[in-house]
Structure formats: C-alpha cells, structure tokens
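Asks: As they're listed, the protein sequences go chains A, B, C and D.
Take the first sequence: its position 43, counted from the start at 1, is 43 in the numbering used here, and no numbers get skipped.
Take the second sequence: its position 258, counted from the start at 1, is 258 in the numbering used here, and no numbers get skipped.
Take the third sequence: its position 154, counted from the start at 1, is 154 in the numbering used here, and no numbers get skipped.
Take the fourth sequence: its position 258, counted from the start at 1, is 258 in the numbering used here, and no numbers get skipped.
Derived by calculation from the structure, the hints in this document are not laboratory data.
One thing to keep in mind: the hints can contain errors.
Heads up, the list lumps identical chains together, so a pair's fine if it works in one copy or across two of them.
The calculated DSS-like cross-link candidates involving lysine-lysine, where the alpha carbons are at most 30 angstroms apart (straight line), are [said to hold, decoys possible]:
| id | residue 1 | residue 2 |
| --- | --- | --- |
| 1 | LYS405 | LYS130 |
| 2 | LYS152 | LYS42 |
| 3 | LYS209 | LYS405 |
| 4 | LYS244 | LYS143 |
| 5 | LYS152 | LYS43 |
| 6 | LYS209 | LYS3 |
| 7 | LYS293 | LYS43 |
| 8 | LYS42 | LYS398 |
| 9 | LYS194 | LYS224 |
| 10 | LYS398 | LYS219 |
| 11 | LYS293 | LYS194 |
| 12 | LYS42 | LYS3 |
| 13 | LYS224 | LYS396 |
| 14 | LYS194 | LYS219 |
| 15 | LYS293 | LYS405 |
| 16 | LYS398 | LYS240 |
| 17 | LYS219 | LYS396 |
| 18 | LYS224 | LYS244 |
| 19 | LYS293 | LYS209 |
Predicted, not measured: the structure shown is a model, and the values here were computed from it.
Given next are the chains, with one letter for each unit.
There are 4 protein chains.
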Amino acid sequence: MSKGRVCLDTSTILKWLVLEGYTVVCFLANCGQEEDWAAVEKKALALGAERMVIEDLQREFVEELVFRAIQCNAIYEDRYLLGTSLARPVIARAQVRVAQQYNCEYLSHGCTGKGVRFELAFKACNPSMKVIAPWRLPEFIQKFQGRADLLKFAAENNIPVSSTPKAPWSMDDNLVHCSYEAGVLEDPDHTPPKELWTRTVDPTDAPDKPYNFTIHFDKGIPVKVVTPDGEATDSVELFKLLNKIGHDHGVGRVDIVENRFIGLKSRGCYDTPGLTIARLAHLDLEGLVMDSKVRRLRDQFVTVEWSHCLYNGMYFSPEREFLENSIIFSQRNVTGQVRMSVYKGAAYVLGRSSDASNLYSQEDASMDSLDTFSPMDTTGFIAIQAIRLEKYGLQKIKDGEPLSK
Amino acid sequence: MSKGRVCLDTSTILKWLVLEGYTVVCFLANCGQEEDWAAVEKKALALGAERMVIEDLQREFVEELVFRAIQCNAIYEDRYLLGTSLARPVIARAQVRVAQQYNCEYLSHGCTGKGVRFELAFKACNPSMKVIAPWRLPEFIQKFQGRADLLKFAAENNIPVSSTPKAPWSMDDNLVHCSYEAGVLEDPDHTPPKELWTRTVDPTDAPDKPYNFTIHFDKGIPVKVVTPDGEATDSVELFKLLNKIGHDHGVGRVDIVENRFIGLKSRGCYDTPGLTIARLAHLDLEGLVMDSKVRRLRDQFVTVEWSHCLYNGMYFSPEREFLENSIIFSQRNVTGQVRMSVYKGAAYVLGRSSDASNLYSQEDASMDSLDTFSPMDTTGFIAIQAIRLEKYGLQKIKDGEPLSK
Amino acid sequence: MSKGRVCLDTSTILKWLVLEGYTVVCFLANCGQEEDWAAVEKKALALGAERMVIEDLQREFVEELVFRAIQCNAIYEDRYLLGTSLARPVIARAQVRVAQQYNCEYLSHGCTGKGVRFELAFKACNPSMKVIAPWRLPEFIQKFQGRADLLKFAAENNIPVSSTPKAPWSMDDNLVHCSYEAGVLEDPDHTPPKELWTRTVDPTDAPDKPYNFTIHFDKGIPVKVVTPDGEATDSVELFKLLNKIGHDHGVGRVDIVENRFIGLKSRGCYDTPGLTIARLAHLDLEGLVMDSKVRRLRDQFVTVEWSHCLYNGMYFSPEREFLENSIIFSQRNVTGQVRMSVYKGAAYVLGRSSDASNLYSQEDASMDSLDTFSPMDTTGFIAIQAIRLEKYGLQKIKDGEPLSK
Amino acid sequence: MSKGRVCLDTSTILKWLVLEGYTVVCFLANCGQEEDWAAVEKKALALGAERMVIEDLQREFVEELVFRAIQCNAIYEDRYLLGTSLARPVIARAQVRVAQQYNCEYLSHGCTGKGVRFELAFKACNPSMKVIAPWRLPEFIQKFQGRADLLKFAAENNIPVSSTPKAPWSMDDNLVHCSYEAGVLEDPDHTPPKELWTRTVDPTDAPDKPYNFTIHFDKGIPVKVVTPDGEATDSVELFKLLNKIGHDHGVGRVDIVENRFIGLKSRGCYDTPGLTIARLAHLDLEGLVMDSKVRRLRDQFVTVEWSHCLYNGMYFSPEREFLENSIIFSQRNVTGQVRMSVYKGAAYVLGRSSDASNLYSQEDASMDSLDTFSPMDTTGFIAIQAIRLEKYGLQKIKDGEPLSK
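Extracted from the complex, chain A is given alone in its bound form (with noise of 0.2 angstroms):
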C-alpha cells in the first residue's frame, strides 16, 4: 500500500523514496542540458519509478526567463549571469503541472540541504500540494552523512552511479550556461582548470581571427542573428546560435564569490556564452534608444531588484510580476540592430543602428552645428546648476576648508 504519490526530479534519493513506500513519478526537464535521456529514463524505471516524465521546456525557458534577462540586462552582483536561477522557475512549474496531472499528492527533489528556489516556486505555484526534501529530513541525513553512506547505498541497491568520479566539482548545466562549484572550488584561491570549463573553448584554443555577426532586436528582444555562415530567428535556434558562437570563442566565463540568499559566501565558476553576447549587444543598442531617466530608473531600481528576486528564488511573486510590468514597458523602443565581434574570449560592439528611436542625432552629436538649442542656453544651465555649489563652496570657505586648498 502506497503512501501516496511523489513527483520527483530524478536524482538519488529516487529508490531511498520506493523504499520508504512512496510511488514515484519521476520527472525530468529538457532546460537544454546534455542527458542520455533514453538511458535516464531506463534507470527510473528500473529503480522502481512508476513512470517518467521528460518535458523539453527549451522554449518557454528562452522565451519567458532568458529573453526578460536579456530586456532588463540582469545581472548579479556585477558579474554572474543567473543561468542557474533563470532555469530552476521553468523547472518547478513544470514539476508541479506533472504533479497535479497524475495526481500527486507530493513533491520532492534531490536538492541537497537547500533547493530554496526550488520550494518557493513550487507552494507559490501549489500551495496545498506537500514537499518532501530528504535532505533536511532528520532520519534521511542520519542515514546518508557522507559521500561515502551514498555510494554504499548505491551498491547494495544497484543505483549505477552517474557522477564520474574525475570531476572534483559538482556541475549543473542548462541551455544558459553551465556552473562549476564545490570541491576543489572551495578554496577561492584554487585557479579552475583548463579542464573545468564545457561550455566555451579556452580563449587560448579559440580561432586567430574576430568573427563578426549582427543581433536584431525587436522590444529588447532578440529576433535574429546574422553570421556568415547563416542565420536563425526561431527564439531557441537563435539562441543556440549565439551559444556556439560563444562557445567556439571562449566567450563568457566568470569565476566569482558570490553572496547566497541565505548569508552565506560561495564561490562559483559560470560559463555562459549566449548570454553574455546578447546582454551586451542589447545594452549597448539601449545606449543608442532608450531616454536616459528611463534608463536610469530601470537600471537603479528595476534590473537589481529583478536579478535578486530571481537570484534568491521569488520570481513566483507578487514584486517580480510588478517589475517585470515595468521591464516591459521600458522595451517599447528597443528596436534596432547590433554588429558584433567575438575574439579569444571577449566580445565586442562594432557599430549599432535603429530606426525606432529619434534619440540619437547625428546633427545633435556634432560639435559644429546645435540646432536645438545654443550655447547661450548652456551658461544659464551652469549657472542654475552652479547655485547650490556655490553656496556649498561659501560655507567651505566659512567652514575653514576652502575646495581649492
């Protein structure tokens, strides 16, 4: 007699979930990741998962999360791309919608210790569906404290054991990008090996010569990329494409420590090509549309409050659905063209144009012709922005500390 009903991403704990009593509905997202998923499929089965469920979410995850990163510019902390938190939304609401169709009355994952992101998505997209997390369960952390207990019960189960041993990290690996952490890595002093890196070619290795291509943007969306050797428009291809090109240039690394949700320090390596290309290409064509307040705004308050809801697990919430109203919105004008280079692992704009916006001016830009206003207006510019420093400069001088020391 069954306990009930578990959906759960394949992982380890499967068969420890079979023997407590649970009937498993294993299910597994496609976010673009390399998988023998045949093979992962077979092993479900024959650990006595009742069913396996492969969605391929490529789609939904480039047109709903990577797309609106691409829109805001997201980025965390300065540096890391979010690869991992831009998936791990997708791959809950996914998870939850196969639970409720073959009436689960569970959730489970194989996240260990943590899965914050995970659990918020999935009460926020079924609050009154149940999780279970083995691993802050009391008497499963009893019963696995090591590698070690893990690989024991493995054998005695016959769980053939995926993680080859040679990688002393562990990985996780998306359409976006690929993440490298833990083991060696703790040390943040530990320099990643050539080795580490899979989704980009050392910069070293990569070819002698640029290569350049072109992105078009419509509404700060990518909608086309351009290369000699072809091009693509549907939203995964294209994305797909400028993964490639990323990737056989070395495009896109970053080695940081970063700070997690819960206040801990955590050093994390990230390849992630695509991206890293097209958030450049779309900043660089904002320069060229985008009203400069508007800019400001969106770049202050909205793309730092937008990559930490995402990177801390909330983008099932109330504000990222408020912020994202307001990312859209900015977009209206981001229409236009971006020429790019890649070369040994940095990428570079050559040029961008737009016939969406009136912004720019080449007349305006021009040293010798300002139709738009003189530059007698400049000196009551100076002159009312000067009065506040003015007075700031007096109280100096009263103060003892004159500016011009």
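Based on the hints, put chains B, C and D in the right spot on chain A.
Replies: Relative to chain A, chains B, C and D alone:
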C-alpha cells in the same frame, strides 16, 4: 591697459583673449597625458601669455579620484569608466589655485560649447571668480563659425595648428584613458578604425600567451602590483604599471552611445587599460570580503550616485562628499590580494584571498559540513519566506490565472 | 500689422504684449480656483485681447493628475502634496491646445522669473511653438524693476490692479490647495497669520465634535465618499466633498521650507484639505491589501520619483510615463473602504476593510492560531537570518569592539 | 543539579524553566515603561529565580536609538515610528551583558511564537550563547495550547496573573510609545475604543488652547526644549518633556495594518507622543539647513533602509552600522531651533531658524531680487532641460499620440 588677468587652460583661444586686451596666465595640468611640455610653454609665451604654469597633478589625480573610483567600482551606464570625468575636478581645482596664486580675476577655458564640468568646479572652488567661456560668447561664436574660421585666425596670427589633420575625431588623453569622439564617430554604426586606439594594442596584435600578475588591496585601495617582471607600490607607478599591462594585452576598449548631462546622446570610444583591470580585481575582492547587504546598499545607491555625480561635473558638491564618506566606510575590510591574468583583450581573475575578513569560510561553503546552521533550519526559513508566496499563489488561483498554468 | 498671435495665460503682461504689437488670445484655465470669470473676460477684452478662452479643466485635473497622486501617495520632501505641481501640466496642455486651435505662433505666460514647469510642458506638448517669457526678457525686466513700475504701468494703461494690497504674500489657488509664499513669509521664522489660510478654517474654530465618513476606493482611486450628510460618486463632486470636510475641520495645513528645482530653498505654506484626507485613507488601505515587497518597491522608487518628476515640471516626460505604468499596475487590488474621522485639524483612520485581497487574514494575525507555518519554522528562519549577524558579532569581538559592550 | 543557568526576561515562563531544572537569572530592562519594580522582583524571587537584575536603560535607549531615529526621520511604511523596534536592541544587548556577568549559558525570552528581533540581537551580541525560546519548543507548545492552559499552570504554581482580564488586546510599553495589538484589534475594521490609549489623552479631551514651545537641535539631536512652564536639556528629561506635551494634547496616535518581517500582515495601534513631535520638528529644520541632493539621497536610501533594518531586528548588523555612518555625516549642519505648537491631536510648526547653514537666504528666496543668477539664466536652464522633452514630444507626434491631445 589690461582688461584684467585671466587664468586659461592652454588652447587656441589664448591669442583671442590677448587680442581682446586680457593679460593671460596659461595653465596646463599634467594628468599623465602625452605632451611636449617645453613646446607648449614656448608656444604660449610666443602667443602672448604672461606666464605658463604647468603642474604635475598625477598623484592627486590617482590618489584622490582614481582610487576612489576603484573603491566604489564607479561606472556610468554599465560601460564607461569615467576617465575624463575623473580628471576634470583635479584640473579645475588646480587652475583655481593657480588663478588665486597669480591674482587672476577670471578663469577661462577652451571647451567648445560645453565645459559644464569645468565651470561647475570653478564656481564651487571659488564662487567669486568670474568665468570667461569664449565658446559661449555670441561675439566669439559669430567670429568662429567653423573650423575654417579657426584655421584662418590661426594663420593670420601665426598660431601653429597642433592637431594633425589626419585624425578625423577629437581626443582627450590622461593617465586613465584616451577618449575619442566626434568626426566620423558621430555615425554610431561606424566601427572605430584600428588606428584610432592609442592606449591599447589591438587584441589581435597582443602577445599569444596570457600574462599573470597580482594586485594587493588595502581598504579598497591598490597598494602593490606584483608581476613576473617586477613590482610597484607607489600609487602613480603602480597605476602606470597596470596601464602598461592593459596596454600590451589590449584590455579596456569600450565603444558606446552614452547620455550626456545636458540630455543629448553622444557616441564615445574609450581605452582605459589600467582602471579596467583594477576595477575588476577590486570587484572580485569585495565578493570575498564584503557583507552582502552592505554591498547591495553600496552598489545600488552609492556606486550609482557617485558615478552620476562625477559624470555630471558635480564632484565639488555636498552629495559627493556625503557619498564618499560612505565609500570609505564600506572599504574597511576590503584588504587582500587578487591574482589576475590578461590575454588578447580580456582580463580574468585567477583567484583571491584575504586575511582581513571572516565572511568567507571554506567550511561553510562546503556542501558536506554545515556547522553554523542545520538543514532543518532551511525548512523553517523556506516556510516563512513562502508565507507571502502562498498567498500570492492562492490569489492567482482565485483570479483564474493559476501560476502552474 | 501684428507681430503674430500669442496665446497667453491671463496676466498683467497682456497689455504689454498688445503694445509690443502682438495679437493676443487670452487663456484661463478653470482648475477649481475662486475667480469672477465674467470679470476676467471683460477685463481681458478691454485690455486688447483678441479673444478670451476659459476652459473648465477640473475633471481632467482630478482624474488624470490628482487621482494619480493619490494612487502613489505622492509627496515631496515628506510634507508637500504638490498642489501647484499637479495643476501645471493640465493648464499648460490646455493652453497649447487653445493656441493650436486659434492658430497662435507663440505661447506666453506671466510667471515672474521662473515658469519652469509651464515652459517644460509647452516644449514637450508642442516643440515647434515658440515661447515668450517676458519676465526673462532683458527689455521687459529693464522696464519693470519693481512693483512700483508695475503699478505705474497699470495706472498709465488703465489696468485695474486685481491683487488687493492687503495680502503681503502671493497666492496660487486651485481645486487641490492654495499656496502662500513670498512677502512676509520669506522670513522662515515668521508664523503665518491666522487670516492667511483660505481653504481651511483654523483648527481652533473647527467644530467641537469629530465628523465621521467613509471613502471607497477601486484600484486605488476614490469612487465614493459617504457622509452623514450625503454621498458623492462623481470624481469632481467627490473631491469637492472631501475638500469641504477638510475645510470645515481645519485639515491639511503645511508650512515648510522646500528645495526648489533650480537649487534654491523657498518657504511655502499650503492648505490642502481634501487631498490630505484622501492620501491618508489610501495609504491606510494599502496597508491592508498591498503586498509588502511591492509596496516597498513602489514607495522607495515609484512614489519618490513620480513626486520629483511632478515637482520639477517633468510631467510630460518618458520617465513619468514609465513610472505611471508602474503605479497603475500596483493598484490592481487596492479596492476597499476606509472609515475616517476629522477633528480640529487632524484626520484619523477608524477602520478599513476589503474583499479584493487575501493578504490580511484575521486568523494569521492572531497569536493563538498559526496555520500556515509553525513556531518551529521561525526557529529556522532566525537561524538562517542570523548567519550573517553571527559572523558580524564574531568579527567585532576579534576587532576588540564586542557588540555587547 | 541545575541544567545550567539561564538569563530570562521576566515572564510567565520563569516557573516553567525552574521546573525544567534550570537556574534562572531574571532580567528586566527599564526602558521607561510603567512597572512596579519592587513587585516584579519579589514575584520573580518567589517563583524561584536565583536573582533579579533590573537595569535602567532609558539613557542609552534615548541617546543611541531614539535620537538616531530622529536624526534620520525613521518611519516604517509611512506611519509607524518604530517604538518597539527601537527598544529591542537596547534590551537584548543589556540582557546579554547580564547573562555574561552572571555566567549564564543560556538566554531565554517569553515572546510567544516570534521574538525574532530579540534572538537576532542575541546571536549578534554573543554568537556562542545558546537561546531557549520556549514558545517555539514543541514540548512547551504542546503543554500550553491556549490561554486556559496558561491560567491553569499559573493557578497550580501560585503564579499571580498580572494581566488584568479587562484589556482585550496585548500591550507593549516603553519610553517611546505604547503598542496595542491582537484581541479585538485583529479585526482591522474595529475602531480602537477610547480607553485603549494610555500614552495620550483623547484629542477631544485635550486643552482648548494651543500650547507653544521650542525645540533646539545640535547636529540633528534635540538638545533643549523650552516651554512656558520650564525647559529641559538632559536627553532623558527632554524626551520625557516632549512625551508630556504630546500626551496632554493627544498627539501621536496611529492605527495601521503593517507588514511584518515574516510576511504576515498585522494590525497595530501605537501612541507615540514625544517622538511624533520631535520627528516633525527635525524634518522641518532639515528643510531649512540640509542640501537638497543630500536630503534626497538620505531620504530615499538611508532613512528607508535604516527603518527597515530596525523593524526587521537587524540593528546589530553591518548594514545598520554602514547606514548610521551616513546618518551622522548628514547631520553636521542640522543645528537650529524649531518653534512648535500642539492642539487637540495635532502638532504644527510655527517657524524655524538656524545660524549654522547658509543654504536658505531670504534675499535669494525673494522674487524681487535675484543676485546669484539672472532670469535669463533660467531661459538657458529650461532650454537644456527641454532637449529630452522636445524629442519625447516629437516622438509622440510621430507615434500618433500627441501630448497636446
């Protein structure tokens, strides 16, 4: 009989002022730009200057402005490292000092049409000194309506024309960067030609091997750079060493359309080798040693606002002083070293370490041992964080828009 | 032969423009101020205006501007409810409409010295129409150097002087408030005399009993006011009813020194009866129905920025449009009613309720029953939140500055 | 044999701890609340406490917390002056000191279900001391499931029940305010009865004449209060005098629904007489003496963030220390006096003056004389500000949505 004594940054308007009847003290700041100092002095005196004063401001430029920019990771519109903006306050303040020293009644500058940053600084540093801005005087503009008028005036007055006719753009050079704008660059889709860049070699011409070195920081300020070819600890020498590294490996080129203070967009190209490297290293060290909430407050408010202050010529202002007090306070623990590498246009972090902070702990970071809190604590953390999200999810269901659509 | 047709807000400069040779279309906006409309028209025509156009803008003023201010709890520098700033865009836009309708080539206004808000709105609403601002024309200022010159000019040209000589300050009146500034108020320590205030009775003269009423909101907009003496649902009528309640009970007086856009400080007194009440009620309802994080983002970014936009005359701007999109989105659930009371100068909330939101739950709020989470969850929440704080405490001990000093 | 020594804030759980086998040192902070100190001590010893320690914390409460709140105009969600939040850090720190002094191994508190602020402070102040929170222990909660269980336990153990059964809400009292919540107040539409308020007379019962007085500030801190009935300069005395003024005239009542840290909404009523008055006066003085840009940065970032820190129990945190450094810096010129009046529930500013700042100038403020800049300068200022707006207006015309619709 002189109309009065003017302190002027050396420029083509010297002769005009002399002809107008002013006594002119020429001032030239050495902020690290390339210049034939003796020739400048000779020319100024030949054109009728009463005196030529050249001041080496490199140290105050680096220590008061550039290091502050590094401490707060200053950046404007995500791309521009403020090379010109950082030099302006130092130059303007020195010019006011010189004007005071030589009993000038006027300050003047040769900036065409704008000069906002200079004048705002003049007015704060000495509110009682008057400013002559010829390029905003109707009578001057009337006389000099285009480059042809200028060349004619130069020829008539035996003024050697220094700008070689070959560079179809204008440049501004200092220890931090060289900027390129106007001319052919006014077309934002016109790729800067290879020969434009003066402070960095072309990445394709850079050495074929990465070059590794280490930057040491004390309270957020770079205090030592160690390379295979020697080290530097003096502020100016150290910064020049970073410039050389960046130059040789083609690091720090940026090409953008930016939003000027006065509301116009403008295309600018900048090569900023040393500051690009120093900023990246500093940012990285902060990941290791700075508290996450302090960092977020500093990033969102202080960095953004300080960068805007500088860009808008508001260095000598109450708000800059207010922000700078926060910057310095935030850097008390930003002490440690960052190992870096440069290769063909890009800079990379290889590792970082610090004895000054307890915030990163290899033990905490490890997934296998969590001493400061238990996995069960995370359960409670998630439950509390989810309170709002569950209500949101329920409301969405009630509204007929379930999140697990 | 006319120099051209000017659309002018009615003022003493009408005659001057006529004498200068312009054809003048006078425009007067009815934004709810006290005015003898027939007398104004008669006077304008007598002074030589080609035509007098009076437009009732009360509805667009209330619905487009005032209600938006209520929706975001707009306030400037913690005190000023922006009564003047809210009216300016409505007036300026209507004046441009009238100017276009009657084929005027110029817009003019009688604001002394400033008029920044009007002109910024003119330039946005019709960039091709020219502006005549006599108070900033050297020839005009030369002629009218003080009040005496104005009176003399009035006498010479048979201009009836409308401002009674008794009020030693200037006033600006509309449906939202009356402002008082200049004259004796320029001494910031001079208490406004009792007779200054025109829109509120003195609190000491207000009724001796509290007066209770209810305001209903729909999506953040007041849609019904119910009082013991009747109710109102029409936007303008409803706002006038709130004004009457506030007036009778002395609610909404503010006396401040504020920071003007141009960098000067200025002392202003304002009585703003209805908006003070409506803002308090709206703020209170948001406490009940708005998500905490959305509120915080709205408060810190949208409210502050929108209020500054309005104050600085930037209503017709990309950033205001961007912010307003956020305001409206944030108000989707701000539906409910607030029971209020006014008494001798102050307004109080008596209670609030809403069917639109599930965020407040009497069960959750109770200390005796907690269903959505357990007290044990709080333990985990605290433990996780404390991770950073413990490190901080330990660092302080190490630094010799223990927090439990 | 004792299980160990516990330092407990006095409460009904004392007996339970004793019965559980702990040695208990009782601690009671005097933060200005009403209390029969001798009776509390007698009761604690009678119930088995080893010792009763009472500490007068009023001075550090006022000088370290309350004055800091005044300096930054602290407020939470536009309404709540943080009366409870301000006291918590002072109490928690003193309890840790006492625990250290008497060699306790545990800290305990009697907060039901929550106590987040206390525990976060405990953990920062002494990370190595353990916390016993009975109301979050399953065994304790099991035993005391409702008020009836508590009363039964009290009866069985001869614990005199102090809370009179008449007040159907809970209260928390200190020098700053009294808070009222829970019970009948859980219905947010239930108006607090007249007898609820303990720190202010009902406005309808307040004197029929306004009462005038003056508050002097030095660097943002109140240093003297002068009234017709005497003056005070000592920090605690001065604050008590403000409390008395506010009390007698019914100033400082607030009734709100607020957002708690843990994500729930909660209804609270607060009467905060002295702080309400002091905050208004301080805010007003800043209008006169603080630079506008510094004020805006302080308002938008420092005030909001400091208030949230305090509300969320994050006083002992790196970010609070960081923010406080800014607060103090911002107050260097906030020196002067504010003349105030109170009358039947409301406080008013009558005037303000300062010798410390040159920012307000009666001459500048006058419309008739403008020395620092000319009206013509405003023309230039407007022209430059309008550059963006004109482009916006033109774009709107092009888009078929002219602004002058």
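Asks: Next, verify each hint and record whether it holds.
Replies: Hints and how they fare:
1. LYS405 with LYS130: Intra 68 angstroms, inter 18 angstroms, cutoff 30 angstroms: inter-copy only.
2. LYS152 with LYS42: within (22 angstroms within a copy, 61 angstroms between copies)
3. LYS209 with LYS405: neither (52 angstroms within a copy, 47 angstroms between copies)
4. LYS244 with LYS143: neither (43 angstroms within a copy, 57 angstroms between copies)
5. LYS152 with LYS43: within (18 angstroms within a copy, 59 angstroms between copies)
6. LYS209 with LYS3: neither (61 angstroms within a copy, 61 angstroms between copies)
7. LYS293 with LYS43: neither (55 angstroms within a copy, 43 angstroms between copies)
8. LYS42 with LYS398: neither (82 angstroms within a copy, 40 angstroms between copies)
9. LYS194 with LYS224: This pair counts as between: shortest inter-copy Cα distance 28 angstroms, intra-copy 33 angstroms.
10. LYS398 with LYS219: Intra 53 angstroms, inter 17 angstroms, cutoff 30 angstroms: inter-copy only.
11. LYS293 with LYS194: The answer is neither: 43 angstroms in one copy and 33 angstroms across copies each exceed 30 angstroms.
12. LYS42 with LYS3: Cα proximity of LYS42 and LYS3: one copy only (24 angstroms, versus 56 angstroms across).
13. LYS224 with LYS396: between (56 angstroms within a copy, 27 angstroms between copies)
14. LYS194 with LYS219: neither (38 angstroms within a copy, 32 angstroms between copies)
15. LYS293 with LYS405: The answer is between: 24 angstroms across copies meets 30 angstroms, while 35 angstroms in one copy does not.
16. LYS398 with LYS240: neither (64 angstroms within a copy, 37 angstroms between copies)
17. LYS219 with LYS396: between (49 angstroms within a copy, 17 angstroms between copies)
18. LYS224 with LYS244: within (15 angstroms within a copy, 39 angstroms between copies)
19. LYS293 with LYS209: neither (39 angstroms within a copy, 43 angstroms between copies)
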